[in-house]
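Asker: Going line by line, the protein sequences match chains A and B. Those letters in the first sequence? Residues 1 to 327, by the numbering used here. Those letters in the second sequence? Residues 1 to 327, by the numbering used here.
These are calculated hints, taken from the structure and not from any lab test. Just so it is clear, the structure is predicted and the values come from calculations on it, not from any experiment. Please note: incorrect hints may appear among the correct ones.
A pair counts as met if it fits within one copy or between any two copies, since identical chains are not told apart.
Cross-link-like lysine-lysine pairs, in silico, DSS-like; alpha carbons within 25 Å at most [as the list claims (entries may be wrong)]: (1) 66 - 277; (2) 99 - 304; (3) 237 - 174; (4) 30 - 277; (5) 232 - 174; (6) 82 - 277.
2 protein chains.
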Amino acid sequence: MTPGFNDEKNGAGESCNNVLVHNPNLDAMKEDILYHFHLGTATHDLPAMFGDVKFVCVGGSPWRMKAFIEYIGRELGLADPKTDYPNICAGTDRYAMYKVGPVLSVSHGMGIPSIAIMLHELIKLLYHARCTDVTVVRIGTSGGIGLKPGTVVITKQSVDACFQPRFEQVILGKPVVRSTELDSDLAEELLQCSKNLEDMETVVANTMCTMDFYEGQARLDGAFCSYTEEDKQKYLKEAYAAGVRNIEMESSVFAAMCKLSHIKAAVVCVTLLDRQKGDQLTSSQDVLNDYQQRPQLLVGNFIKRRINAMNRGFSSSSHGVDKAKTS
Amino acid sequence: MTPGFNDEKNGAGESCNNVLVHNPNLDAMKEDILYHFHLGTATHDLPAMFGDVKFVCVGGSPWRMKAFIEYIGRELGLADPKTDYPNICAGTDRYAMYKVGPVLSVSHGMGIPSIAIMLHELIKLLYHARCTDVTVVRIGTSGGIGLKPGTVVITKQSVDACFQPRFEQVILGKPVVRSTELDSDLAEELLQCSKNLEDMETVVANTMCTMDFYEGQARLDGAFCSYTEEDKQKYLKEAYAAGVRNIEMESSVFAAMCKLSHIKAAVVCVTLLDRQKGDQLTSSQDVLNDYQQRPQLLVGNFIKRRINAMNRGFSSSSHGVDKAKTS
Numbered sequence: 001m002t003p004g005f006n007d008e009k010n011g012a013g014e015s016c017n018n019v020l021v022h023n024p025n026l027d028a029m030k031e032d033i034l035y036h037f038h039l040g041t042a043t044h045d046l047p048a049m050f051g052d053v054k055f056v057c058v059g060g061s062p063w064r065m066k067a068f069i070e071y072i073g074r075e076l077g078l079a080d081p082k083t084d085y086p087n088i089c090a091g092t093d094r095y096a097m098y099k100v101g102p103v104l105s106v107s108h109g110m111g112i113p114s115i116a117i118m119l120h121e122l123i124k125l126l127y128h129a130r131c132t133d134v135t136v137v138r139i140g141t142s143g144g145i146g147l148k149p150g151t152v153v154i155t156k157q158s159v160d161a162c163f164q165p166r167f168e169q170v171i172l173g174k175p176v177v178r179s180t181e182l183d184s185d186l187a188e189e190l191l192q193c194s195k196n197l198e199d200m201e202t203v204v205a206n207t208m209c210t211m212d213f214y215e216g217q218a219r220l221d222g223a224f225c226s227y228t229e230e231d232k233q234k235y236l237k238e239a240y241a242a243g244v245r246n247i248e249m250e251s252s253v254f255a256a257m258c259k260l261s262h263i264k265a266a267v268v269c270v271t272l273l274d275r276q277k278g279d280q281l282t283s284s285q286d287v288l289n290d291y292q293q294r295p296q297l298l299v300g301n302f303i304k305r306r307i308n309a310m311n312r313g314f315s316s317s318s319h320g321v322d323k324a325k326t327s
Numbered sequence: 001m002t003p004g005f006n007d008e009k010n011g012a013g014e015s016c017n018n019v020l021v022h023n024p025n026l027d028a029m030k031e032d033i034l035y036h037f038h039l040g041t042a043t044h045d046l047p048a049m050f051g052d053v054k055f056v057c058v059g060g061s062p063w064r065m066k067a068f069i070e071y072i073g074r075e076l077g078l079a080d081p082k083t084d085y086p087n088i089c090a091g092t093d094r095y096a097m098y099k100v101g102p103v104l105s106v107s108h109g110m111g112i113p114s115i116a117i118m119l120h121e122l123i124k125l126l127y128h129a130r131c132t133d134v135t136v137v138r139i140g141t142s143g144g145i146g147l148k149p150g151t152v153v154i155t156k157q158s159v160d161a162c163f164q165p166r167f168e169q170v171i172l173g174k175p176v177v178r179s180t181e182l183d184s185d186l187a188e189e190l191l192q193c194s195k196n197l198e199d200m201e202t203v204v205a206n207t208m209c210t211m212d213f214y215e216g217q218a219r220l221d222g223a224f225c226s227y228t229e230e231d232k233q234k235y236l237k238e239a240y241a242a243g244v245r246n247i248e249m250e251s252s253v254f255a256a257m258c259k260l261s262h263i264k265a266a267v268v269c270v271t272l273l274d275r276q277k278g279d280q281l282t283s284s285q286d287v288l289n290d291y292q293q294r295p296q297l298l299v300g301n302f303i304k305r306r307i308n309a310m311n312r313g314f315s316s317s318s319h320g321v322d323k324a325k326t327s
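Here chain A stands alone, though its shape is the one from the complex:
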């Protein structure tokens, strides 16, 4: 085990840039098996494997997360065109994980429980690896409200199905509510990056996080539907009035868990359709593929600028984009 990184124990306080766990039991464990990654502290040298990680990108689809690492490897000039990126979690089919330089790319499946399992183990991995100054970005797909399909939404606040910025979970049979606040400076920095890119219509807005794709998002095309088109439109209108511009299924627990760990986090999702105009994804595969690449391009631009700024000796946390622009 890696001693000395449990913030509460060290009294390192808020100024510490380490990834925090809030679990007094961890340091006393002889071994920590990160079961769903097929990694562990006794079987893997996590500081050697992951100690240099500064950026973690997470997304639902393993294929997309592999495509992202290939893209960012090329962008950062770290890629050997002949080398395939090995899946670090090849011993399991639960999640896929790829790494190039300081960038880690991890899939999380669909829905809050699936991403929560991954985040528990990712946070412990970053903690055991003694990572510092880590930024985590979720790149995903979503349904839009009142936006042209293909628009990218950087999440301002993640809200629940009642439009409240909160994530409720049950611990020992009792409800516990956690804040879903995200880093507003990071959201602004990402928005600035979008302005450097062509065809990257981008907004900062609220994102609704639901537990279900069909009835939970007022779709009319699920196996069950007990409401009318009118009811659906009324609900989407209320969401719009609450500042919601897109709907997905992971952002609330993502925001809550990153906040608890003092990790700067952002959610960048493309909208695949306008839910006020339909429910089914009828666009061609080529169009959908083009849309899905947009969060990757935007976050790739952000990482490249941050790394360029760091290489020029600027502080990554406060000056990244602006300094890079003027250089």
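Since chain A is already given, all that's left is putting chain B on it; use the hints.
Answerer: Then chain B, alone, in the frame of chain A:
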């Protein structure tokens, strides 16, 4: 689209053995895209592809669901040892699907939202394919309470984190509660099948379905833990007193959605550890692999006996196992 199978419209009533959807919109749609399967009514002949399906097995892991179809293919004498089973959902990485004869095997990822998306599209697929007399079984892994690791639990009732047999979901921002009742005759039939198999310690008991693997299941080894070992043991003891013998993350919505569709359903999960004795999965990979095969062997035995009984002219729905035993 496939007209005429929407029960409410036809007035076919409860006696109908078709898979039911409860959505008046479906029959009016020109096309139904099952997006997360990469299948659709306009692009695929669903009755030709799936019309003969009588058994659907679902489980979290795509690898396990492929292993299951290979196993059941051999057991039913339908396998060509030289042929690899193609993934019917090869156009997407969200779910994997395999078929041999009347058996369909589908992965569902981890957690309620992930299995719910799959079930919406599976129920629509079975409806469009005009399937009748379908039995669906979830084969999975779980944490046990007071059971020897490797014990198989057939779910009597799926209960929530407060030990109530209910599934609550939010529709149009309002909570809706659904019953998680499973088919008790099917559970009894599966229990009888377990008696034909060696080393298949099996119980019928309640299963707790949670939204989280770590804090939601009172584990002490997550990234966050705000309670003590004593609190954990107290919670597990309360669960045990409520008849709970295992904990997993999908059974409640699985039971609720199958019940709404009039599909006979069962949940068969092996316990990988006794949660009263620990949280981490420390058993060797070989032991864990052996445990994970047990639900497959049990459900394989059940399907084989049902099919043998059907081939001998008995009704599958009422006489399957008992008649097969006496023949």
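Asker: Look at each hint and say if it fits the structure.
Answerer: Here is how each hint holds up against the structure:
In this assembly of identical chains, residue 66 and residue 277 lie within 25 Å of each other by CA distance neither inside one copy nor across copies; the values are 32 Å within and 38 Å between. In this homomeric assembly, residue 99 and residue 304 come within 25 Å of each other (Cα to Cα) only inside a single copy, at 15 Å, whereas the closest approach across copies is 45 Å. With identical chains, the CA atoms of residue 237 and residue 174 are at most 25 Å apart between copies only, with a shortest distance of 16 Å across copies and 32 Å within one. For a Cα distance limit of 25 Å, the shortest separation of residue 30 from residue 277 across copies, 16 Å, qualifies, whereas the shortest one inside one copy, 55 Å, does not.
Proximity of residue 232 to residue 174 under the C-alpha cut-off of 25 Å is restricted to the inter-copy arrangement: shortest distance 13 Å between copies versus 31 Å within a copy. In the homo-oligomer, the alpha carbons of residue 82 and residue 277 never lie at most 25 Å apart, since the shortest distance is 44 Å inside one protomer and 48 Å across protomers.
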